[in-house]
Amino acid sequence: MKYLIYLLAIIILLGINLGLFNYLQIQNQMPNLLLLLTLCFALEKKDYDFFFIAFVSGLFLDFYSTGFFGQFTLAFLLAAFFLHIFANILALEQNFKTLSAALAVCVIFFNFFVWLYSFAAFKLNWTGEYLDFKMLLKGLAASLVYSWLLLYPVYLLSQFLKRSLDRLNQRSGGVVR
Amino acid sequence: MRFIYTKTFAIFFTCFVALAVLVIMQLKGWLDPVRAVVLNAPRPIIRLVRSVALPVKNFFTTVYELKKIVQENGRLSQEIINLKQDLVGFNQQARENEALRKELGFVKNTTLDLQACAVLSDNPFGSPDGLILNCGSDAGISEGQAVISQGHLTGKIIYSGKKSSNVLLLTSSNFSSDAKVSQSGQNGIVKGSFNSGVILEQIPQASDLTKGSLVVTAGINEKIPKNIIIGEVSDILSSGNDLFKKAALSSPIDFHNLEFVFVVK
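These protein sequence lines map, in sequence, to chains L and Y. So the first sequence is numbered by the working numbering: it starts at 1 and just counts up by one. So the second sequence is numbered by the working numbering: it starts at 1 and just counts up by one.
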């Protein structure tokens with residue numbers, strides 16, 4: 001049930017991302033709502049649901065993208081994984097300042113991993129093209145600002161999901177799978 | 001506990017292996033059915049969101065475009081005004097150029113001491129038979145001097161200020177000057193005829209005067225040198241019973257569109 005809810009949230013966010021923000025681009029950049037959702041879950045210290053969210057979100061984006069398969073999934077997994085470790089090591093509290101800083105790190109990591117993966121795939125002759133690093137850098141600022149603007153609504157959504165799951169958990173006697 | 005034995009790493013590694021398997025499956029083409037499902041899953045949401053977002057986007061795009069169109073319209077209007085202004089300038093220059101070319105042909109072949117003057121205004125103070133020139137006594141202009149254009153008598157100076165002067169046109173009814181028929185040498189008087197033409201008078205009946213005869217200045221008035229062309233006889237106005245012959249003269253000068261003239265010093 002829990003994973004179904006996550007899946008539904010991912011599909012809804014992806015729909016909003018492609019249906020709405022595709023038309024509201026800033027400097028040809030649209031926000032990555034799935035990355036924001038992954039980020040919000042990755043900062044949870046004793047929760048590993050972010051792996052599922054990162055994996056499924058990455059898969060969805062990989063199926064939608066024309067790049068070499070796996071670049072988004074791996075970038076999502078790596079960004080979420082490192083963020084989760086840093087959050088645990090630094091014992092970060094979840095407030096808007098922490099979230100903003102984590103977002104900046106996450107977006108930079110994510111873009112870097114996507115580029116690295118596509119570049120490696122190109123070098124290994126798995127694909128005929130790879131992402132231009134300069135283009136990624138060029139859109140990074142706009143992407144960061146746009147993601148930052150939408151961070152709070154997605155954070156609220158993640159909190160809503162967690163609360164809903166907690167309620168379901170209580171009702172079902174502590175077992176929501 | 002070593003890091004690789006942590007739950008976090010274990011899940012990450014599992015995901016990584018799963019991804020590797022999926023990549024291989026994708027390369028083999030086994031994921032195509034899954035791909036179709038995944039691509040179709042968010043479609044209802046996309047359609048729903050798009051149905052709201054698209055009209056909003058179109059509205060704002062139209063508003064934005066309208067602003068641009070209005071701005072462009074303003075810019076083009078201003079450009080038209082500037083171009084019209086340029087056109088006026090070019091037309092003025094073309095007229096001046098043409099007038100100067102005509103004058104140049106005469107100036108090259110004359111021995112007269114000429115002062116070139118630009119016409120500042122015609123019909124000054126509502127008078128239809130006068131001009132104001134941009135040169136005056138500072139340039140050696142004085143009352144009574146002949147004003148010519150394209151080698152033809154155009155008028156005479158009736159007032160000379162320091163920097164400007166007034167011209168009485170040949171066509172003015174107040175204008176009169178001595179003249180002679182070029183072929184016969186018979187003297188007469190030319191007068192303006194109410195702004196409509198020039199009349200040659202006081203030619204004795206006995207003298208020969210035919211249409212096409214050239215009429216020039218006689219040189220009796222010391223300020224108007226002789227042999228400046230006034231015009232040619234276009235019509236004989238007198239009858240055989242009149243004491244003197246009278247004729248209408250035609251001049252090639254367009255008295256109302258003068259740009260430059262010369263004053264004979």
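The hints are simulated quantities; they were obtained by calculation from the structure and are not laboratory data. A portion of the hints provided could be inaccurate.
[Claimed, not checked] Dumping the calculated DSS-like pairs for lysine-lysine here, alpha-carbon to alpha-carbon at most 30 Å: (1) L:K123 <-> Y:K28; (2) Y:K84 <-> L:K138; (3) Y:K84 <-> Y:K68; (4) L:K97 <-> Y:K7; (5) Y:K102 <-> Y:K7; (6) L:K46 <-> Y:K162; (7) Y:K162 <-> Y:K223; (8) Y:K226 <-> L:K162; (9) L:K2 <-> Y:K7; (10) Y:K57 <-> Y:K226; (11) Y:K265 <-> Y:K226; (12) Y:K28 <-> Y:K102; (13) L:K138 <-> Y:K265; (14) Y:K57 <-> L:K45; (15) L:K138 <-> Y:K223.
Each hint, compared with the structure:
{"no.": "1", "hint": "L:K123 <-> Y:K28", "in the structure": "holds, 20 Å"}
{"no.": "2", "hint": "Y:K84 <-> L:K138", "in the structure": "violated, 45 Å"}
{"no.": "3", "hint": "Y:K84 <-> Y:K68", "in the structure": "holds, 24 Å"}
{"no.": "4", "hint": "L:K97 <-> Y:K7", "in the structure": "holds, 28 Å"}
{"no.": "5", "hint": "Y:K102 <-> Y:K7", "in the structure": "violated, 103 Å"}
{"no.": "6", "hint": "L:K46 <-> Y:K162", "in the structure": "violated, 102 Å"}
{"no.": "7", "hint": "Y:K162 <-> Y:K223", "in the structure": "holds, 19 Å"}
{"no.": "8", "hint": "Y:K226 <-> L:K162", "in the structure": "violated, 115 Å"}
{"no.": "9", "hint": "L:K2 <-> Y:K7", "in the structure": "holds, 19 Å"}
{"no.": "10", "hint": "Y:K57 <-> Y:K226", "in the structure": "violated, 85 Å"}
{"no.": "11", "hint": "Y:K265 <-> Y:K226", "in the structure": "holds, 13 Å"}
{"no.": "12", "hint": "Y:K28 <-> Y:K102", "in the structure": "violated, 90 Å"}
{"no.": "13", "hint": "L:K138 <-> Y:K265", "in the structure": "violated, 77 Å"}
{"no.": "14", "hint": "Y:K57 <-> L:K45", "in the structure": "violated, 40 Å"}
{"no.": "15", "hint": "L:K138 <-> Y:K223", "in the structure": "violated, 84 Å"}
Of the hints listed earlier, those the structure fails to meet are numbers 2, 5, 6, 8, 10, 12, 13, 14, 15, in rising order.
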